[in-house]
Every structure is written in structure tokens, then in C-alpha cells.
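Use the sequences and the hints to build the structure in full.
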Amino acid sequence: MSAASSDAAREDRFPLVLGLDTFGDVTYDEDGRPLSHAQTIRDVVEEGVLADQVGVDYFGIGEHHTDDIPMSAADVVLGAIAARTTRIRVGSAVTVLSSDDPVRVFQRYSTLNAVSGGRAEVILGRGSSIDSFPLFGYDLADYEDLFEDKTGLFAELLKGGPVTWQGKTRPALHDQDVVPHTESGPFPAWIGVGGSPQSVVRAAHYGFSLMLAIIGGSPARFAPFSQLFQQALERFGRAPLPVGVHSPGHVAATDEKAREEFWPHYLEVIRRVSKTRGFAAPTKESFTYETGPQGALYVGSPETVAKKIAANLTSLGANRFDLKYGMGGLSHEVLMTNIELYGTQVIPRVRELLT
Amino acid sequence: MTRLAVLGAGHVGPVIARVAIDAGFPVSIAASGDPEEITLITQFLAPGAEPRWAAEAVEDADVVVLAIPLHKFATFDPALVAGKVVVDTMNYWPPIDGVQEMFEDPLYGSSEIVAHRLSRSTIVKTFNHIGYHELDDERRPAGSPERRALGVAGDDPAAVTTVADVIERIGYDAVPLEGLGAGRLLEPGGPVFGVSLSRPEFEHAVARSPLREKA
Ligand SMILES: NC(=O)c1ccc[n+]([C@@H]2O[C@H](COP(=O)([O-])OP(=O)(O)OC[C@H]3O[C@@H](n4cnc5c(N)ncnc54)[C@H](OP(=O)(O)O)[C@@H]3O)[C@@H](O)[C@H]2O)c1
Numbered sequence: 150m151s152a153a154s155s156d157a158a159r160e161d162r163f164p165l166v167l168g169l170d171t172f173g174d175v176t177y178d179e180d181g182r183p184l185s186h187a188q189t190i191r192d193v194v195e196e197g198v199l200a201d202q203v204g205v206d207y208f209g210i211g212e213h214h215t216d217d218i219p220m221s222a223a224d225v226v227l228g229a230i231a232a233r234t235t236r237i238r239v240g241s242a243v244t245v246l247s248s249d250d251p252v253r254v255f256q257r258y259s260t261l262n263a264v265s266g267g268r269a270e271v272i273l274g275r276g277s278s279i280d281s282f283p284l285f286g287y288d289l290a291d292y293e294d295l296f297e298d299k300t301g302l303f304a305e306l307l308k309g310g311p312v313t314w315q316g317k318t319r320p321a322l323h324d325q326d327v328v329p330h331t332e333s334g335p336f337p338a339w340i341g342v343g344g345s346p347q348s349v350v351r352a353a354h355y356g357f358s359l360m361l362a363i364i365g366g367s368p369a370r371f372a373p374f375s376q377l378f379q380q381a382l383e384r385f386g387r388a389p390l391p392v393g394v395h396s397p398g399h400v401a402a403t404d405e406k407a408r409e410e411f412w413p414h415y416l417e418v419i420r421r422v423s424k425t426r427g428f429a430a431p432t433k434e435s436f437t438y439e440t441g442p443q444g445a446l447y448v449g450s451p452e453t454v455a456k457k458i459a460a461n462l463t464s465l466g467a468n469r470f471d472l473k474y475g476m477g478g479l480s481h482e483v484l485m486t487n488i489e490l491y492g493t494q495v496i497p498r499v500r501e502l503l504t
Numbered sequence: 040m041t042r043l044a045v046l047g048a049g050h051v052g053p054v055i056a057r058v059a060i061d062a063g064f065p066v067s068i069a070a071s072g073d074p075e076e077i078t079l080i081t082q083f084l085a086p087g088a089e090p091r092w093a094a095e096a097v098e099d100a101d102v103v104v105l106a107i108p109l110h111k112f113a114t115f116d117p118a119l120v121a122g123k124v125v126v127d128t129m130n131y132w133p134p135i136d137g138v139q140e141m142f143e144d145p146l147y148g149s150s151e152i153v154a155h156r157l158s159r160s161t162i163v164k165t166f167n168h169i170g171y172h173e174l175d176d177e178r179r180p181a182g183s184p185e186r187r188a189l190g191v192a193g194d195d196p197a198a199v200t201t202v203a204d205v206i207e208r209i210g211y212d213a214v215p216l217e218g219l220g221a222g223r224l225l226e227p228g229g230p231v232f233g234v235s236l237s238r239p240e241f242e243h244a245v246a247r248s249p250l251r252e253k254a
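Chains C and D supply the protein sequences, listed in that same order.
If you use the working numbering, the first sequence corresponds to residues 150 to 504, in order.
If you use the working numbering, the second sequence corresponds to residues 40 to 254, in order.
Treat the hints as calculated values from the structure; they're not laboratory data.
We put the CB at the ideal spot given by N, CA and C, even for glycine.
Please note: incorrect hints may appear among the correct ones.
What the hints assert, rightly or not - A short, non-exhaustive set of chain C residues, derived as facing chain D with CB atoms under 8 Å:
no., residue
1, ASP288
2, SER345
3, PRO346
4, GLN347
5, VAL350
6, HIS354
7, GLY366
8, PRO373
9, GLN376
10, LEU377
11, GLN380
12, ALA381
13, ARG384
14, GLY427
15, PRO442
Below is the structure:
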């Protein structure tokens, strides 16, 4: 099968999923003062509940361990959201599997799956911000080995039934029953990939779905990743699996308002990140490029954002889009408006554009 | 035509292979193991490149591009690339990659330390200061006012010329720096790391950097 025809087949096979992800950056009050970690966490719960009410398909929380992003126990927050909702799917975005115990990750998300009545998912990642490595005593030199080893174990755990496994990064398991059991087979599990083709092949090898994290530059350059994934699945004798896209953005009533709200905080946050990573801070020009049709940011009115989502899902042969909303410094109120517009206007418009 | 061997099939390796193929260079690509494991990756991300065992790829290459994680460098076999021009794309940045004793010497840039260990190879530093996600998109034809500059640092003028020619043909203005020591100007935290600059902007940024004195 050619790459193009496998793309077309995939679009028919998998339903369109439109979700929201957050890292849970500390929210700010109206006067621009940071709120407490506790208040931020309660705000994220409210945001998840609103997402459910306005028709968002998925709500994901990305694990972080820093003062400005205190979401170290995303699954607990997701449990709270699950208890107050009935429809929306809940999961991670991502879980840093490399510095966690796959058995514990399985247990927590299987528990979330029970609490939510089968609405849990997990997106596994190597972790691109590496604050969890020193915290849990892992060595960054083992970055690749940790992820490879633990992904293999997680795939075994997901199958259900007693697990026998031996690896390098954790004590072996022999015929071990791991609870809680899921009610109806494995819950959906994805691997988040930022640009490593080897991670794409690994996802296919273990039968995980593929979540492309596109946070800078042209989304179109990921099209070969999506094709590589389907070919690799075929090579490993597996049926096609969904492909999703995770990208940052911000929705407001107009393009101008969205850019004005988002830019100063984006600048501030990326400036901080770039300092720790040694690269240059963004400029107004780079921001304009990233928010334009060629870039990776979805910042604008519902119409602008919907069009960009629809265009990129088509060019990437993907059936899922998760908008990573929020940015340190934005207020909870602004985020709630973003969520409401995404649910009530962006989502229906994307569905309309893609049918 | 200069023959390239790219070592590394991760984020960076296949992109360099692809743009080099586009520019007309014959390219082999290798990871640490069996080429079979990277055939699909090569087929989709660098069509036209030949997946091979590392030793075979290096053997008939004029230029070897080292695109492996720096923390794997300590176990990389220097004999593999003896006698070759080696392009060092690797970066040392402890806040992200963790501390590595070998690279903690404040007197030397990371490529000088690489050169010290690969003592039978000729090291040229470049490609390290452009994001792998930009390498494709930011190529421009020679003479384009938007064409981005990339620094090329090395102690061997002939090797620098060879590598600069590769850079130019791929679609960037090559700016030779005065020796491998000046490669520190290209490192993370330096004036040109991760910034898209034209040749004049690049030369200006480098010239007024305080790092220049140290280098
Ligand atoms: N991020 C950027 O934008 C950027 C830009 C320029 C340069 N760099 C630098 O580029 C380098 C590579 O980074 P990356 O993100 O591409 O790494 P990566 O995704 O982890 O991939 C590393 C590749 O190196 C291979 N490898 C490891 N040891 C090897 C050996 N001894 N011989 C041959 N191949 C070997 C691995 O193959 P196996 O899986 O088979 O071991 C893998 O294909 C780093 O040093 C980084 O600093 C990064």
C-alpha cells in the first residue's frame, strides 16, 4: 500500500478527536500576581470540567516538577476531573515514563480508568524538560535506555494478565499479577514524539498510537513521520493506529486579541526556557511566523485556529488534535474563555471543514 | 563529489542526510547497530541515503558527520574515524544533558575535547547551532538576502574548505572561524546558538562577543 492511500484509509477508520492539553502553569490573578500551587491545581480542575461541558473530547495534563509548573501528580488532578464529568476522556500529556516506574504508571492510569468509567488514556514520553531525572535519582546518560526498557514493560502490562518481564532498569517480574485489572482490555496508550524517528518506530513496534508534539517550525515536515509510522506498523504486522498532533496555542475572540494576550507570556516563558537551553529568545518576527500558516502555534480567533487545525490534520494524515492551551502568566479567566471558544466554536468548525 | 557518512539516525542525523542528498552529495547513514533497523527511517526521512553499518559507511566517506548524543561519545571508538574529516554536530549543555566530567574543562570548547579524543581525525565544528527542525526550512539559494549563515570552525584549512563547500551547497552561507577554539562561539549560550542570522549579522554577532577573547 502506498503512503498516500494508507493516509486516506486512516482518516476513514478513526474518528476525529479534538482535545485540550495543559501543563498546568501557575495561573495569575487579574493584577498579574502568581497564585499558589494549590489554587492553580483547583483552577485546572475547573478548566477540565468546563472542557467537558463545552464538548471537548479529551483533557490532558503534562507532568512537570517545577515551581512555575507544579503538575507532578497529574493523575490525581485527572481523577478529580473524572469525578465531576461523564463524557470527556482524561489522560496525560505526557507522562515522563523514563523517570517513573511503569508498574506504578499502569496502576495509576488503570485506577483512573476505573474511576472515570473507562475514559482514561496515557501518553508516554521520554521527557523534554528533564526536571524529573535528578528528582528521582536518574542519570541523564541513561536517557535512551530508560525509555526503551520501560516502554517494553509498559506494553506488557497493558495486555493484562500476569506479567513476566526482565530488563535493565527495574527489578524483574515473574508471573506477576498487577492490579487493578481493566474492565474491557487495554486503555488507549500513545507515545509522544518530538522529532525522533526512532521513537516513531518504537511506538509502532509496541503497538502504541503516535502523538506528534509539534511545538516549533513547520508542521508539514512531520508528514513523513506519520507515513513512517504506518509503514512500520505494517512491517511489524500490526493494524493501522491513530496519529495525533499536540501543539501550543491560544484562542480569543479575535486574532488581534489572541496575539496580544498570548505574546507577552509566550515571550517571557520561552525566554526563560531558552536561557536554560542556551538558545536565543523569540522575537516578534519569529512569533509572527509561528502563528502564521507555516508555523506551529495556533493563536487567533476560532476561525483562524480551526482552519489551521483542519489544514494540518489533513496534510499530516492525522485524526486527532490536542491544543496545548495556557502559558505561565495568563489568568484562569482568560484560559476559561479560551476553553469555551475552543469547545463551542473551534471544534464544530473543524468538524465542518473536515467533512 | 564529497562523500558523506552520517553517524546517528535520531533527530538530527536523517535531516542532515536529507539536505545533503538534496544538494547532490552521496550519503550513507548509520546508527550504532544493524542497518536493517534504520531502513524504514531512511526510506521516509532521507530517501536516497544508504543505510549501512557504521564502519562501512565511514570507510569510503570523505566527511563523517557525527550526530550522536554527547553522552554516547565517551564510548565511541576513535579508531572508527581515524584519518577522516569529522564534522562535530554535538553540544554540551549541562542544564539539559547533565554534567559530563570529560567536558567540564573550562579551558576548552566541547569540540576541542572531542578533537583531543579523536586525535587521528580532523575535526570541524558546524551544524550544532541550528535546530534540526530548522535545517530543512531555512535553506535558501546562494545570494538570497534571507540566506542564513552557519559558522564553520576547524584548525585544518583544507578540511574547513571541504565542509564549508558542503554547507554552501546545502543552502547556507558558510562563515569560517579562526580555528577550532573559536568553535566556542557556536556553543549553547553563545551569540549565534539557535539564531537565524544572515552572514553580516553573524559576523557582527561573533565579532562583538566577549567569548571571542577567550577563544
Ligand atoms: N536538537 C537539535 O536541534 C540539535 C541541533 C544540532 C546538533 N544537535 C546535536 O546532535 C546530536 C544528536 O542529537 P539527536 O537529538 O539526533 O540524538 P538522538 O535522537 O538521541 O539520536 C542519536 C543517534 O545516534 C546513534 N548513535 C549512538 N551511538 C552511536 C555510535 N557509537 N555510532 C553510531 N551511531 C550512534 C543512535 O543510534 P542507536 O539508537 O542505534 O544507538 C541514534 O540514531 C547531539 O549531540 C546534539 O547535541 C542537536
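Structure-based check of each hint:
no.: 1; hint: ASP288; result: holds (7 Å)
no.: 2; hint: SER345; result: holds (5 Å)
no.: 3; hint: PRO346; result: holds (4 Å)
no.: 4; hint: GLN347; result: holds (6 Å)
no.: 5; hint: VAL350; result: holds (7 Å)
no.: 6; hint: HIS354; result: violated (10 Å)
no.: 7; hint: GLY366; result: holds (4 Å)
no.: 8; hint: PRO373; result: holds (4 Å)
no.: 9; hint: GLN376; result: holds (5 Å)
no.: 10; hint: LEU377; result: holds (4 Å)
no.: 11; hint: GLN380; result: holds (6 Å)
no.: 12; hint: ALA381; result: holds (6 Å)
no.: 13; hint: ARG384; result: holds (7 Å)
no.: 14; hint: GLY427; result: holds (3 Å)
no.: 15; hint: PRO442; result: violated (13 Å)
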